[in-house]
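Q: Modelling step: build the complete structure from the supplied sequences, incorporating the hints.
Residues per chain are reported as follows:
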Amino acid sequence: MRDAIGHGVSDGDSVCLAGFTHLIPFAAGHEIIRQEKRDLELIRATPDLVYDQLIAAGCARKATFSWAGNPGVGSLPAFRRAVEDGVPTELELEEYTHFGLIAALDAGASNLPFAPLRGFIGSDLPDHNDNIARIESPFDDDDVYAVAPIEPDVAVVRAQRADETGNAHLWGIQGEVKIAALAAETVVLAVEEICTERTIRSDPNRTVVTSDDVDYVVHDPYGSHPSYAQGYYGRDNDAYIEWAEVASDADRVEAWLDEWVYGVENRREYIEKLGVDRLLELEPDRDYATPVDMGAYR
Amino acid sequence: MNYTNSELMVVAAARELDNDDSVLVGIGKPNLACNVAKRTHAPDLRMVYESGTIGSNPSSPPLSIGDPVLASGSVSIEPMRNSFNYHLQAGRLDVGFLGGAQIDKYGNINSTVIGDYDDPTVRLPGSGGACEIAGHVDRTLIVTPHSARRFPEAVDFVTSPGYVDGRRGREELGLSGGPEAVITDLAVCRFDDGGEMYVDALHPTTTREEVRAATGWEIPFADDYGRTSEPTDEEVRLIREELDPDGLYTDRE
Numbered sequence: 001m002r003d004a005i006g007h008g009v010s011d012g013d014s015v016c017l018a019g020f021t022h023l024i025p026f027a028a029g030h031e032i033i034r035q036e037k038r039d040l041e042l043i044r045a046t047p048d049l050v051y052d053q054l055i056a057a058g059c060a061r062k063a064t065f066s067w068a069g070n071p072g073v074g075s076l077p078a079f080r081r082a083v084e085d086g087v088p089t090e091l092e093l094e095e096y097t098h099f100g101l102i103a104a105l106d107a108g109a110s111n112l113p114f115a116p117l118r119g120f121i122g123s124d125l126p127d128h129n130d131n132i133a134r135i136e137s138p139f140d141d142d143d144v145y146a147v148a149p150i151e152p153d154v155a156v157v158r159a160q161r162a163d164e165t166g167n168a169h170l171w172g173i174q175g176e177v178k179i180a181a182l183a184a185e186t187v188v189l190a191v192e193e194i195c196t197e198r199t200i201r202s203d204p205n206r207t208v209v210t211s212d213d214v215d216y217v218v219h220d221p222y223g224s225h226p227s228y229a230q231g232y233y234g235r236d237n238d239a240y241i242e243w244a245e246v247a248s249d250a251d252r253v254e255a256w257l258d259e260w261v262y263g264v265e266n267r268r269e270y271i272e273k274l275g276v277d278r279l280l281e282l283e284p285d286r287d288y289a290t291p292v293d294m295g296a297y298r
Numbered sequence: 001m002n003y004t005n006s007e008l009m010v011v012a013a014a015r016e017l018d019n020d021d022s023v024l025v026g027i028g029k030p031n032l033a034c035n036v037a038k039r040t041h042a043p044d045l046r047m048v049y050e051s052g053t054i055g056s057n058p059s060s061p062p063l064s065i066g067d068p069v070l071a072s073g074s075v076s077i078e079p080m081r082n083s084f085n086y087h088l089q090a091g092r093l094d095v096g097f098l099g100g101a102q103i104d105k106y107g108n109i110n111s112t113v114i115g116d117y118d119d120p121t122v123r124l125p126g127s128g129g130a131c132e133i134a135g136h137v138d139r140t141l142i143v144t145p146h147s148a149r150r151f152p153e154a155v156d157f158v159t160s161p162g163y164v165d166g167r168r169g170r171e172e173l174g175l176s177g178g179p180e181a182v183i184t185d186l187a188v189c190r191f192d193d194g195g196e197m198y199v200d201a202l203h204p205t206t207t208r209e210e211v212r213a214a215t216g217w218e219i220p221f222a223d224d225y226g227r228t229s230e231p232t233d234e235e236v237r238l239i240r241e242e243l244d245p246d247g248l249y250t251d252r253e
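These protein sequence lines are chains A and B, in that order.
Numbered by the working numbering, the letters in the first sequence go through residues 1 to 298 in order.
Numbered by the working numbering, the letters in the second sequence go through residues 1 to 253 in order.
Honestly, the hints are just simulated from the structure, not real lab data.
Think of the CB as a built atom: it goes at the ideal place given N, C-alpha and C, for glycine as much as any other residue.
Check before you lean on any hint, since a few could be wrong.
Said to hold, decoys possible - Pair by pair, the computed Cβ-Cβ distance ranges are:
(1) B:60 x A:202: 30 to 36 Å
(2) A:287 x B:246: 21 to 27 Å
(3) A:141 x B:86: 21 to 27 Å
A: Here it is in structure tokens:
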């Protein structure tokens, strides 16, 4: 991860740490903080704790988003301090709805000049974002909104497993992982397990990104904590609740970053510090999908 | 009857749902309401979440709309692009639950900022999928506490359109559907022919004066306004024993 972030992410880049509650790239976010990257544009429909931590650490200049909150808990204190008071830095906003932002990434992934959608109708949001425009249908008198493409410099995406070249299997909630990877210039893929190519080829419907689109493959077990990886570990809800308290006080944020980000060398140390009891509490019971018969055709 | 105001809100919301509805659910009371409906009068109710899970059947109360219990055992999990495109925009969902920091007399909802957008007093989370839900489902249900601060005559920012400036205003934008009911801790409100909110039923112990005082404009009452039906023993039992045993969303002691 150190190499992938060190080589993949530059100051000033637009970065999408993808995921919808599930498979959030926390380890990558913490590595970005440790490497003191600056002036980043943070892109994601649902900036959550990891973006709050990046903002609190002074890494961000802009957030491109559609819902900025702590899922199931409340708001993002560092995000709010930046927007309301410019602390620790001013934060420019480029705001969408979920569908608007996903459509913009899709335009980027599809090499299109815009994506049309029936979103934003009746909302005040288009007045505050120049990348949202009302357009007429070329075929009848209907009209829709269009969003300009979003093409992040870097996307970090996570999946449960991948082979060494970056063909990745993901199950559970997929969010915008695929289009973020396809829209981005550089892709860092981090996974819970490295598997064989044969495993990937045994179940190709489960593949979310292929090696052609991946620049760095990182074996990064528990790299989503305190978010979750379906089938591997659950969401550490206590950590989300704890962040709401910690982040409400800028001094406590500093102490937290010192302890959990700057104070550890890498994800392995973070996990060791977290402790085996906590990880075991997050472990789900096993519940395998019924195997499918792909058939052997000759 | 022994029940809390939150339990009453959950049950009142559940009763708005029909057996063949597909519902875009939210976390907390909407999720409980859908599960109460599913286990009483609407067993075939299809629960869909913004995270793309279709036909979820959560075994415990999800703490966020991306919770793993919503994925396990669902009938399908769509990438976000697909769920918003094919399911929501294409009109495959009947009902959506919404909340917000401000709701005005036409059911327009603000979940973006209090004050000026560029210099906000309070920065809120933003739309998420709410704007699209408000625009594309047939009936939106708003579940929220009732206070004058939360119910101003006009919202500071329209995140999600209700009846805009009246039913005609919504039609002119090409939007069908609209808010069906606003379920608060004091009353159940609905919208008249012009698209303005009125009180349809007061909760069993609420007075007209309480609702007036907690609403930022002179909200009208239906001539024959009624009283919200109390939860049944079975509905209360479901919530307490099965759906929200820790009282996370129904504020029990």
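Q: All the hints need checking, so say for each whether the structure fits it.
A: Hint check:
Separation of residue 60 of chain B from residue 202 of chain A is about 32 Å and conforms to the stated range, judged on CB atoms against 30 to 36 Å. For residue 287 of chain A and residue 246 of chain B, the hinted distance range of 21 to 27 Å is satisfied, since their beta carbons lie about 23 Å from each other. The hinted range of 21 to 27 Å is satisfied by residue 141 of chain A and residue 86 of chain B, whose Cβ atoms lie roughly 25 Å apart.
Against the hints set out earlier in the document, no violation occurs for any number.
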